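Visitor: First to last, the sequence lines map onto chains A and B. Residue 1 is where the first sequence starts when you use the UniProt record's numbering, and the numbers rise one by one after that. Residue 1 is where the second sequence starts when you use the UniProt record's numbering, and the numbers rise one by one after that.
Just so you know, the hints here were simulated from the structure itself, not pulled from any lab data. Note that the structure is a prediction, hence the values are computed from the model and not measured. Glycine is no exception: its CB is placed at the ideal position from the N, C-alpha and C atoms. The hints are all genuine.
Dumping the calculated PhoX-like pairs for lysine-lysine here, alpha-carbon to alpha-carbon at most 25 Å:
(1) Lys86/B to Lys60/B
(2) Lys211/B to Lys86/B
(3) Lys46/A to Lys125/B
(4) Lys335/B to Lys46/A
(5) Lys25/B to Lys4/A
(6) Lys46/A to Lys60/B
(7) Lys46/A to Lys157/B
(8) Lys125/B to Lys157/B
(9) Lys60/B to Lys333/B
(10) Lys60/B to Lys207/B
(11) Lys4/A to Lys7/B
(12) Lys86/B to Lys207/B
(13) Lys86/B to Lys46/A
Here are some of the chain B residues that sit facing chain A, going by a computed Cβ distance under 7 Å:
(14) Arg9
(15) Leu12
(16) Lys60
(17) Ser61
(18) Pro62
(19) Asn110
(20) Asn118
(21) Leu168
(22) Val169
(23) Asp172
(24) Thr230
(25) Leu302
(26) Leu306
(27) Pro338
(28) Val340
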Amino acid sequence: MLRKSDGFLILSAVLLVLLGGSFADAALGLSRAAPALHAKAEMVEKLGLTDLVLFTEARYTRHPSQADLHSAFQDHPFAMDHFPTGSLLPPPMPRGRP
Amino acid sequence: MRGWLNKQRNLLDFSLSSLSRRRGKTLGMLAVYTAIVFLLASVMLFSHAIRREAATVLAKSPEVLVQRMVAGRHDLIPARHLDAIKGIRGVQSAEGRLWGYLFDPAAAANYTLMVPTNPRIEPGKVVIGDGVVRVRSADPGDLMSFRAHDGSLVQFKVESAISRDSALVSTDLFLVAEEDFRRLFGIAPGLFTDLAISVRNPREVTKIAEKIDAALPDTRIILRDEILRTYESVFDWREGMLLVLLAGSILAFAIFSWEKASGLSAEERREIGILKAVGWETGDVIRLKMLEGLVVSLSAFLVGYLLAYAHVFHFGAGLFEPVLKGWAVLYPKYKLAPFVDELQVATLFFFTVFPYTIATVVPIWRAAIVDPDTVMR
Chain A
1 MLRKSDGFLI
11 LSAVLLVLLG
21 GSFADAALGL
31 SRAAPALHAK
41 AEMVEKLGLT
51 DLVLFTEARY
61 TRHPSQADLH
71 SAFQDHPFAM
81 DHFPTGSLLP
91 PPMPRGRP
Chain B
1 MRGWLNKQRN
11 LLDFSLSSLS
21 RRRGKTLGML
31 AVYTAIVFLL
41 ASVMLFSHAI
51 RREAATVLAK
61 SPEVLVQRMV
71 AGRHDLIPAR
81 HLDAIKGIRG
91 VQSAEGRLWG
101 YLFDPAAAAN
111 YTLMVPTNPR
121 IEPGKVVIGD
131 GVVRVRSADP
141 GDLMSFRAHD
151 GSLVQFKVES
161 AISRDSALVS
171 TDLFLVAEED
181 FRRLFGIAPG
191 LFTDLAISVR
201 NPREVTKIAE
211 KIDAALPDTR
221 IILRDEILRT
231 YESVFDWREG
241 MLLVLLAGSI
251 LAFAIFSWEK
261 ASGLSAEERR
271 EIGILKAVGW
281 ETGDVIRLKM
291 LEGLVVSLSA
301 FLVGYLLAYA
311 HVFHFGAGLF
321 EPVLKGWAVL
331 YPKYKLAPFV
341 DELQVATLFF
351 FTVFPYTIAT
361 VVPIWRAAIV
371 DPDTVMR
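I would like the entire structure built from these sequences, with the hints used as guidance.
Guide: Put into structure tokens, the structure is as follows:
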């Protein structure tokens, strides 16, 4: 009969092989994704794109790198940011350049 | 060597039997532990992969962008600014870009309108992103109409759709001809949304930005480096937000596991006493209990990490999607490239497996050095 320790060691070995497999899968996935990444980078270069399409609801969330620093609050004085994405985007970074 | 191995196997057998005597508790602990590792690993894998993808894809975004600011707001920039910039030494090329947003009431979605210079789009035609295809069920040859700034209808014929492979940068794109763009928004010739500039020597970018800033004080300059840093900080922030949300449950788990690992029950105390009474050495008792901790924490780490890997890279990070979507109608369907940072995985391993295992040692040692007779009473 299989000892408990043998069962556990076999299970751990299988999990460790799967862990190693996940790294191999990542390496393989990266080489498979390389043409798509290249195509995306090429499209960015060709069209002059600046941002990822993650949040399309407001201009300052669709193009966070292009929005001016107070665009979230420009609807009227004391306007609150009413898009939920505002809580997922960081406050503007201080700039070291003039 | 063989004797040592046999001893370890016997110890492992004993610790597994000991764990199975408290089956309910052990399985509960294992399930919570695995869930915590799964959540932490999912956040870590997702954030790292999307951060690397953003850096790779946006590495070729415009080198320098110049926007005009009027009363604190982004405004259209006149072509004369373009001439002024072309006169600065070190500027390789400068061109005006036309882009903006169009709300489509039929889909209740915002599109990003752009005028590409290469390839040029014929007037009356449009190239659309995958998201626009989805929300409007549009095929090549279909017609789409929008109201222009003066109320007149502007009609576009769908020429082609952009491949889904590049959805992460193009899902909401609506590429039109310059004439159509100007007609739609009533923008006079000689005005642009912003200016894209390329610099001859990449090391001079900052210097040239300073010169533009000095020559055109009403402008705001955005460097490629700043675009990349924006995304670094967006994903750092988002990872931080998710971790803050998870902090409560992580703390609760830490307290639970510390209590579980460091506080010995009367039954466990008696077990140690009996082991000592039948001749076990203190070192063996400690090794036995450490093995119990290791069995639980190692299994939780391996199962939790593997589930997180499958969740993020094979099931599209479905648990995070509602949080990331916000109010976006045109959320892209994309599959992240599996960028995995081995050092991060090692850090996660260290911080999830070792603390629990070590936490078991102190109370066991304390119980194991006491006289067996006292412990058993």
